[in-house]
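**Q** Using the sequences and the hints given, assemble the complete structure.
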Amino acid sequence: MEKHMAVCPYCGTGCKLNLLVEGGKVVGAEPLNGVTNEGELCLKGYFGYDFINDTKILTPRLRNPMLRRSRDAAFEAVSWDEAIQYAAKKLGEIKAKYGPDSIMTTGSSRGTGNETNYVMQKFTRAVLGTNNVDNCARVCHGPSVAGLQVTLGNGAMSNSIPEIENTKCVLVFGYNVADSHPVIAKRIIRAKERGAKIIVCDPRKIETARLADLWLPLNNGSNMALVNAFANILINEGLYDKEYVANHTEGFDEYRKIVEKYTPEYAEAITGLPADDIREAMRIYAAAPSATILWGMGVTQWGQGVDVVKGLSGLALLTGNLGRPNVGVGPVRGQNNVQGSCDMGVLPTEFPGYQKVTDPEIRDKFAKAWGVPSLPGEIGYRLTDVPHLAETGKLKAMYVMGEDPAQTEPDLTQVRKGFEAMEFVIVQDIFMTKTAMFADLILPATSWGEHEGVFSAADRSFQRFTKAVDAKGDVKHDWEIISLLATAMGYPMHYNNTKEIWDELRGLCPIFYGATYEKMEGLGAVPWPCRDLDSPGSKYLYEGNVFQRPGGKGLLFATEWRPPQDKLNDEFPLILCTVREVGHYSCRSMTGNCAALQTLADEPGYVTINPKDAKALGIRDQELVWVSSRRGKVISRASVTDRTNKGAVYMTYQWWIGACNELTIHAVDPIAKTPEYKYAAVRVEAIADQVWAENYVQQEYAKLKGGLSKAVTGAAKKAPAYA
Amino acid sequence: MNRFVTANPSKCIGCRTCEVACALAHSKGAGVEGLAPDSFKPRIRMVKTADVSTAVMCHHCEDAPCVNSCPNNAIVYRQHSVQVEQERCLGCKNCVLACPFGVMDVVTVPAVRQFAGMTLSLGVKAQAHKCDLCVDRESGPACVSVCPTSALTLMDRDAMDETLRRRRERAAQEAAEVAA
Ligand code: SF4
Ligand code: SF4
Ligand code: SF4
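Read top to bottom, the protein sequences are chains A and B.
Residue 512 in the numbering used here sits at position 512 of the first sequence; the count goes up by one each step and never skips.
Residue 1001 in the numbering used here sits at position 1 of the second sequence; the count goes up by one each step and never skips.
Hints in this document: simulated from the structure, not taken from any laboratory.
Some hints could be false.
If you anchor each label on the Cβ, the simulated ranges turn out as follows [as the list claims (entries may be wrong)]:
id, chain 1, residue 1, chain 2, residue 2, range
1, A, P573, B, P1037, 28 to 38 Å
2, B, L1090, A, D621, 29 to 39 Å
3, B, L1090, A, A616, 41 to 51 Å
As the structure is a prediction and not an experimental result, all values here were calculated from the model.
The beta carbon of each residue, even a glycine, is placed where N, CA and C say it ideally should be.
**A** Shown next, in the form of structure tokens:
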């Protein structure tokens, strides 16, 4: 049996593991003693590898480039040569006719790795000539990046994952660590065993709430009010660190004025929390000699996500919990490489290494390195703008790599209309996805396990992963495909391996410069910033309390609470909040093809509901129900549980039949443009004929799987002789 | 003393990694691809109520109700554990009803016999189904080895003594504090 070192592709913890290979097939995974996982893996890490082997449980792997010359035609397998020429011609025509800004690309926060993302943004900027490149951080931690860049100067976790277990207080805010990052959950449990106090702010009784010293089940949509009340208590009870605030922050007077009104009693009315519990939380937090704030999608997937992120960083600034070990602010990244795609500049605002596209000197530097006369200086489009831009005719072509927006974006009806309105859609993926069904051209890539590269873990650590098996079929590495396309469009691009790409980008990004492949050999992890070849990298940021802002001080920021945008009424009386579950990942194209994970949970997925709400609606546990909003209607299975708060229901976003994003609202944060996935007004209805409903689910599921599989097998049959 | 696996509810996060590991450890080498919802029968189960998440499995009792209830002596004490001799199991379910923890089940598996190089089907065979402590697995209980939060531990005499010693110490400490 061979063993090949990899980094788990399922979350930002960045667990190191060995893939076990027998006869060219991955047959197992075993944990390694990596920096962040120390010999542990979770459910997905252990049992989430068989998708590589093309199990076809949910959807088949892509084996050939596939083209359809008109939208009503079936896909036909074509040669790489034809596929690339076709794409180059189409993109070239669209660029000539409508301008470079009529084209948009995406990076991928998943298994492709940093090098591919670097190449994709280079292609977008240098070859297409636009900053229209984005990644799914937009729909998850975009607000964390936007918020923290303003208040502290850096959008990432301030401290490393291993430090969590040495902190004396963990404030968990809108972050279901047990389901999102099980191996980080262990760090929190260990911190508690070592005497740390755990405070959890979440409307649901999530696992961490069960283990917490204090659980604050706030009303859905009241985050800002609670964070302001926290600041109010720290100031009014004199719990804040006056010296730290005086020396290392700015904006205190303005900040104080805004939070003044948010007394715990005032916040009680909005959050539904007893004023004394809110006080207690801040007394615990302020008393701890070191304290860490961790948050997730419960903070960011709101119309007011950026504000709340800024507010949370304010709590750390007020109490001096930054700039040293075992403290800090932690937006814990969900997808395995969403930190990486941001690091690599797959953002409409930034070049790799967080260098602004609006800065002419930076543009010159990149233009020179990439051998082009100039680079675009206008900020590009955001992923969440796509449906609207396509429908209004501003966006004509899209090149989607390793993402499935037709499953993961809000309000899917709009998303589909957007894709239909575009003249040319390329999807580059490893699986036939819902998005691929809208493509004109499908480019098949190698999967995690079939290529190597570097991922960025949630705590900024760069780690290398290697190739375990050879890819089957006529597929290529993502970065090779993009290079071929660039060359066909008149910009010769060629790399021999990922290291060449890595060395090029290191040279252009001062904060990554010292993170060489050699340092990341084996179990090596290099947290950026790492500016020098002899530096081990930075476990924590803001050493000496110097913030990466002009003047070096942290900014205290508060603003008024705004209520969520969707409105409850008699027709839609319940709040729908979308969440995730431990066994499945992202759009589920990977985990849905893993036998073990699919055994634990399958379509149509669950809508969890409080027993009181269920009873009032005549719904029993495990029955199929309809869930509808102003935007759509889907079938789901009721899971009646006391852990869900009354008045709200929760659905995980990876189901293809019970797709909760048919229901969610396209209401976005004004700055980060992240959608309000956490609040949609819905109605849940019992279905009288359960036998019919079960059959309906099976039929729909079979139809969907059949369609995806036919698209691939149909094309392969028509494959010409070369294939 | 019989050995057994214990779960610590203040560490369990309800992830079911243990369930999959258990099913795989008894898959006769079929690997993950052999798993399917209908045949998924782990001997450990994660239970989630309003306030508790934890795994439950056989306690390998010293005076085991299942052993006492079996009319055909199919359940025996062996290798410091409670084991089922499947050839003797009738599938009468007495043990299922006798077990106070709800961790004994009776399942049916296809029964086959090898004859002259051919596999003959003999219908189905009942099996009393519960944790066997992975006695045939070299590296010990599969569930214990995978739990990401180390919520599971294998208790043998030594581990038990250590736990008891710590508890007594704590009790003494607390008594002293009360007295002070
Ligand atoms: S999903 Fe996350 S926690 Fe689980 S093994 Fe993978 S990286 Fe580790
Ligand atoms: S693997 Fe551990 S944490 Fe997960 S359900 Fe089992 S006992 Fe609980
Ligand atoms: S010890 Fe083995 S048989 Fe028993 S529950 Fe754990 S994995 Fe299953």
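**Q** Now tell me, hint by hint, if it's right for this structure.
**A** Results of checking the hints against the structure:
no.: 1; hint: A:P573 to B:P1037: 28 to 38 Å; result: 34 Å, holds
no.: 2; hint: B:L1090 to A:D621: 29 to 39 Å; result: 33 Å, holds
no.: 3; hint: B:L1090 to A:A616: 41 to 51 Å; result: 47 Å, holds
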